[in-house]
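Visitor: Next come the chains, spelled out residue by residue.
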Amino acid sequence: MPIQILLIASLAVAVMLTWKRARERVIRIHEAVLWSAVWLIAAIVILLPNTTTTIANLLGVGRGVDLVLYASVVALFFLVFKLFITVDGLEKKLTDLVRRDALRDLDKHERS
Amino acid sequence: MQSIAVLPAWNEAPRVWSAVRAVLPFADRVIVVDDGSTDDTAAQAALAGATVIRHALNRGQGAALKTGSIAALRLGADIIVHVDADGQHDPAMIPELLKPILDDKADVVFGSRFLGKEPTGMPWVRKAYFHAARLFNTFAVGIPNTVTDPQSGARAMNRHAAEILDFRQDGPAHCSEILRLATRADIRWAEVPVHVRYTKDTLAKGQSFGAAFRILWELLIRGTEK
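First to last, the sequence lines map onto chains A and B. Under the UniProt record's numbering, read the first sequence as residues 1 to 112, first letter to last. Under the UniProt record's numbering, read the second sequence as residues 1 to 226, first letter to last.
No lab work stands behind these hints: they were computed from the structure. It is possible that some hints are incorrect.
What the hints assert, rightly or not - Restraint-style ranges between C-beta atoms, simulated for each label pair:
#, chain 1, residue 1, chain 2, residue 2, range
1, A, L40, B, P144, 51 to 59 Å
2, A, F78, B, L73, 52 to 60 Å
3, A, I29, B, L135, 22 to 30 Å
4, A, E110, B, D104, 28 to 36 Å
5, A, D105, B, T148, 52 to 60 Å
6, A, L34, B, L73, 43 to 51 Å
7, B, I164, A, L90, 24 to 32 Å
What the hints assert, rightly or not - Partial chain A-side listing against chain B, Cβ under 10 Å, derived:
#, residue
8, I46
9, D66
10, E91
11, T95
12, D101
13, H109
14, E110
Stated by the list, open to error - One-sided excerpt, in silico: chain A residues whose CB lies under 7 Å from chain B:
#, residue
15, I27
16, R99
17, A102
18, L106
For each residue, glycine too, the CB sits at the ideal point set by N, CA and C.
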């Protein structure tokens, strides 16, 4: 099926990029291995869609596609939440920086 | 006893001069925290006789109040008063806010819009919103429901309380946060009735319902962090 060819091709690119970045030491080796595992699992799911159905049935979910969908929603939720926390931390740091700068001006002002 | 009033101001150039002038008779010193304004706010405030501190970027009312309070402590304040710079607070109430502290009956005093003195021109939707906010404060944030005004922006505190009330909400959620901290810390708190004027100007700058949901979100995300 064309969709399988397309997805496998992009996965191949992903694997290549992952190891290119690992060689450039942008990511660590164990991170590259982890990502490769993710791509491998994706490849298995794409080439043998029935494997997800088998796992889904084990978990009591009817169709494999549904299981993948549920898992993605949960994964995305965690990712968004993590991003919120990160942004919140950055906002706090920014406020601290702006405050320190403002108060330094006050000290200067008071001395003069 | 040196009292210092802190006024956070963001793009309040047309109003900040008269706001500072109105507060000066009731405080020994006025600090205006210009919260990253793009207009003439800082110059107008200085012209009116305030000590001006500038945030390089807009960080929100809570952040500005916190910066101003730290500055007031550094300048040796015995009492710190928080007032809005848009002129919705009648500065004549400041002595009433200070009285329980001067009488050594409270460490922090909140001005309440719902203790007897009816606000002028407050739309009923806003009243309903405040009652909903009060319910939320009681059940989700854990502020005793004996507190009548959930979003009071007028407050006074002594040095001891100012050092303890380490609020971290940058946005408007700091009101609830300060109430939570004050009612849970080992300090004496009190509410006194204050009168608030709602005009077209202050309503336009006031909190919309979208902002109300932002407050809820911030309180849920950050309010219980500590």
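Visitor: Of all the hints numbered above, which does this structure not satisfy? Sort the numbers upward.
Guide: Hints 2, 3, 5, 8, 9, 15 are the ones this structure does not satisfy, whereas the remaining hints hold.
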